[in-house]
Amino acid sequence: MERIKLTIDGAPVEVDPGSTVLDAARKAGVHVPTLCFHPELRLEGSCRLCVVEIEGMKSLAASCVYPATSGMRVRTNSEVVRKTRKSIVELLLANHPQDCLVCPRHGTCELQEVSHQLGVRKIRFKQESRGAEQDLSSVAVVRDPNKCILCGRCIRICEQVQKVSAIGLAGRGSKAVVTTPFGHGLAEGPCVACGQCIKVCPVAALKEADATEQTWRALNNPAIHTVVQVAPAVRAALGEEFGMRPGALVTEKLVTALRKLGFSQVFDTQFGADLTIVEEGHELLHRLNENKHLPLITSCSPGWVKYAEHFCPDMLEHLSTCKSPQQMLGALVKTYYAEKIGVSPEKIFHVAIMPCTAKKFEASRPEMGRDGLQDVDAVLTTRELAAMLKEAGIDFANLPDGEFDLPLGMSSGAGTIFGVTGGVTEAVLRSVTELKTGKELEDIEFHSVRGFAGVREAAIPLNGLTLKVAIVNSLGQAEKLLKKVKRGEAEYHFIEIMGCPSGCIGGGGQPFSRDPEIKHKRAAALYRQDHLKRVRKSHENPAIKELYRTFIGDPNGEKAHALLHTHYHARPRY
Amino acid sequence: MGVSEMAEHKCVGCPGTLERDAKFDQLDDVIAKHKALEGALIMILHKAQLIFGYLPEEVQRYVAKALDIPLADVYGVTTFYSYFSLTPRGKHRIAVCMGTACYVRGAGDLLAAFEKELGVKVGQTTADGLFTLEASRCIGACGLAPVLTVGEDVYGNIMSVERVPDILRKYRTEKQQ
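Respectively, the protein sequence lines represent chains Z and W. Just so you know, we're using the working numbering here: the first sequence kicks off at 1 and counts up by one. Just so you know, we're using the working numbering here: the second sequence kicks off at 1 and counts up by one.
Derived from the structure by calculation, the hints contain no laboratory data. Some clues are possibly wrong.
[What the hints assert, rightly or not] In silico DSS-like cross-links for lysine-lysine, where the CA-CA straight-line distance does not exceed 27 Å: (1) W:65 / Z:480; (2) Z:545 / Z:439; (3) Z:486 / W:65; (4) Z:347 / Z:260; (5) Z:439 / Z:533; (6) Z:483 / W:33; (7) W:35 / Z:486; (8) W:47 / Z:484; (9) W:47 / Z:175.
[Unchecked claim] Here are the computed distance ranges between Cβ atoms for each label pair: (10) W:162 / Z:173: 30 to 36 Å; (11) Z:77 / W:88: 41 to 47 Å; (12) W:50 / Z:373: 50 to 56 Å; (13) Z:291 / W:50: 50 to 56 Å; (14) W:138 / Z:184: 33 to 39 Å; (15) W:130 / Z:454: 54 to 60 Å; (16) W:69 / Z:244: 42 to 48 Å; (17) W:38 / Z:98: 42 to 48 Å; (18) Z:56 / W:162: 53 to 59 Å; (19) Z:455 / W:38: 25 to 31 Å; (20) W:138 / Z:133: 34 to 40 Å; (21) W:166 / Z:46: 46 to 52 Å; (22) Z:136 / W:38: 38 to 44 Å.
Glycine residues also receive a C-beta, built at the ideal position from the N, C-alpha and C atoms.
Take these sequences, add in the hints, and give me the full structure.
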């Protein structure tokens, strides 16, 4: 089709058919401010901040939804455009709390940014407070309707990408609000706590439930032994919070930083991941032998697990009974490790640093502990950890290298790639093929399962059998794939489901980023780490072997089941 | 949240619940009739409100489940249209038109007179459940301004607030009969 030729502020520009005026403006190097627009979501055009003047049109047009056509003459910075945009921001600010200095989004707030960018220096309208209450019902996600600017990005990601629709727009006109049905609170509905809404919220209307306070308290209590574990995806993203280039791998600095914060022991969630692989690998082989409950579906993504409980209760027997790496390690910290050092589990405070908000929910599940104690006492998102490090005055970028504590800090490259979509599958394949054939793999990299497509399929030869696997990222993709499986249109032995787009590296607890290449950069960091590891298969991790020999016994054995496996229960969707 | 807490949300219309109201059978018929049509939700909610008098939470939940759509979508629709009511309404709905023509011919005074006479504010229902007072948008009967409706009855050219008690008397006596 023919390219579209138009002018933006007098400069000629060519765009592909189907482009919007905003696309054309950006191509022409003009930064048009936006709020409701988000590159990964359906267009809405509701905030009107991106208005432009188009010659021949009576009123201004929202450039993010207005199709570019040939011969169009667009002005992006005329007097009327600038004034209109300013008025829009002023109106938004008129009922937006002016507590920027103490707001968690200070510095990452898009409203603050556009206000500054457009030179809004005064608000002509009377300040009004909505006086709405925060929704504190969820242990993972907090909603503050007072800060909401009704851009609808959270609704769109929840509905279109995650297919959950825990929140929606209610009311009309000046009374419109983003809310849960009947205002019952997120914890009452089908919210899976994935935190994708937080990631797209331009302001602080959505944020994680704070776990920093209790962590500080534990760190400052000399009677408490503090133990921390850190998930793979954190090390591929934390550097961004400290001005390092996206994709910087900060594993060793991260260890030093956690010691500086005061943690007694720094363990690696990747150890838990290796353990998960050994358990899940044996579970898969067992199910293949029995030809029962196939496909086996992974259970390490807590957003996906909660989604399954709400939306596909009929599929729960397909879920691996393996706990997630966080909870496997948590169980070991409060049993194996506590015994080893001779400290009572009550005296141990175990913190997990996660790219994820749903991990907060997972840690709070009653089945994730014993004797009235939770295995993981607090879950901090990558962002929360960054905030604590900043508060502690730690010059992260210039820290010397540190090493994880043994044995629960020892991990393989297979544990590392858990942090990216496809990683769990690849880690499983590295172990299962060797366990099944008894022969060493020549090439341990399974490139066919890598990438970011919503659904990926691969057929892997496994000792005479062709193992059919599928990998999905995001819950919307999971819904689509599972429908096909249920209808018998697709058949697999193994399905990896990550609740968040691109997997944990794109988790709801990760640093805010507007880098369009961010997932590639973070994923590359994890694959780089995998390469650097001496041991790259979970079952070859010496600390894992030692753990089975001295403590757990057989994979999928009695003790393994007691400590490392879990169960699921249906939850209502309505 | 524990499972026990969630059980409280069990929909009264769900099979197996003790007091399944016969109204839900009517609702089932409506849903069956409209389910496959485009825009079924609004039609079903409209009929549901006629059946139940308003749209209680459990009815909205029931409809969402029957149509296999998110509850947030249903709640979005019921709170968007002023026609839908989420709270019980009186037997008779009084709607005083506040369109421009009616307003300039004294609809405001008329509304105030109803408030005084009924002892409720706009949007509220009288304690005896007989009347709900509402201010409506233009109903397109400007020639009769100021105009008001009680249920399906239309009252036009109500130029004096003194007629308010007369209008109400009719429905009050109906109740006694």
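These are the hints, each one checked on the structure:
Between the alpha carbons of residue 65 (chain W) and residue 480 (chain Z) the distance comes to roughly 19 Å, so the proposed pair stays at or under 27 Å and holds. Between residue 545 (chain Z) and residue 439 (chain Z) the alpha-carbon distance is near 18 Å, which keeps this suggested pair within the 27 Å criterion. Taken as a hint, the residue 486 (chain Z) and residue 65 (chain W) pair is honoured in the structure, with Cα atoms around 20 Å apart against an allowance of 27 Å. For the hint linking residue 347 (chain Z) to residue 260 (chain Z), the alpha-carbon distance of about 20 Å falls within 27 Å, and the restraint holds.
With a CA separation close to 21 Å, the supplied pair residue 439 (chain Z) and residue 533 (chain Z) stays within the 27 Å bound. For a cut-off of 27 Å, the pair hint linking residue 483 (chain Z) to residue 33 (chain W) stands: about 26 Å separates their Cα positions. Between the alpha carbons of residue 35 (chain W) and residue 486 (chain Z) the distance comes to roughly 23 Å, so the proposed pair stays at or under 27 Å and holds. Restraint check for residue 47 (chain W) and residue 484 (chain Z): not satisfied, since their Cα atoms lie roughly 35 Å apart, outside the 27 Å limit.
For the given pair, residue 47 (chain W) sits about 25 Å from residue 175 (chain Z) by alpha-carbon distance, which is consistent with the 27 Å threshold. Between residue 162 (chain W) and residue 173 (chain Z) the Cβ separation comes to about 35 Å, which falls inside the hinted range of 30 to 36 Å. The hinted range of 41 to 47 Å is not satisfied by residue 77 (chain Z) and residue 88 (chain W), whose Cβ atoms lie roughly 54 Å apart. The hinted range of 50 to 56 Å is satisfied by residue 50 (chain W) and residue 373 (chain Z), whose Cβ atoms lie roughly 55 Å apart.
Checked against the given bound of 50 to 56 Å, the beta carbons of residue 291 (chain Z) and residue 50 (chain W), roughly 54 Å apart, stay inside it. A beta carbon spacing of about 35 Å between residue 138 (chain W) and residue 184 (chain Z) agrees with the range 33 to 39 Å that was offered as a hint. Taking 54 to 60 Å as the suggested C-beta distance range, the pair residue 130 (chain W) and residue 454 (chain Z) conforms, at roughly 57 Å. Restraint check, residue 69 (chain W) to residue 244 (chain Z): a C-beta distance of roughly 45 Å satisfies the suggested window 42 to 48 Å.
Checked against the hint of 42 to 48 Å, the C-beta distance between residue 38 (chain W) and residue 98 (chain Z) comes to roughly 45 Å, which is consistent with it. At about 57 Å, the CB distance of residue 56 (chain Z) to residue 162 (chain W) agrees with the hint of 53 to 59 Å. With their beta carbons about 29 Å apart, residue 455 (chain Z) and residue 38 (chain W) fall inside the hinted range of 25 to 31 Å. The beta-carbon spacing between residue 138 (chain W) and residue 133 (chain Z), approximately 36 Å, falls within the hinted interval of 34 to 40 Å.
The supplied range of 46 to 52 Å is met by residue 166 (chain W) and residue 46 (chain Z), whose beta-carbon atoms lie about 48 Å from each other. Evaluation of the 38 to 44 Å hint for residue 136 (chain Z) and residue 38 (chain W) yields a pass: the beta carbon distance comes to about 39 Å.
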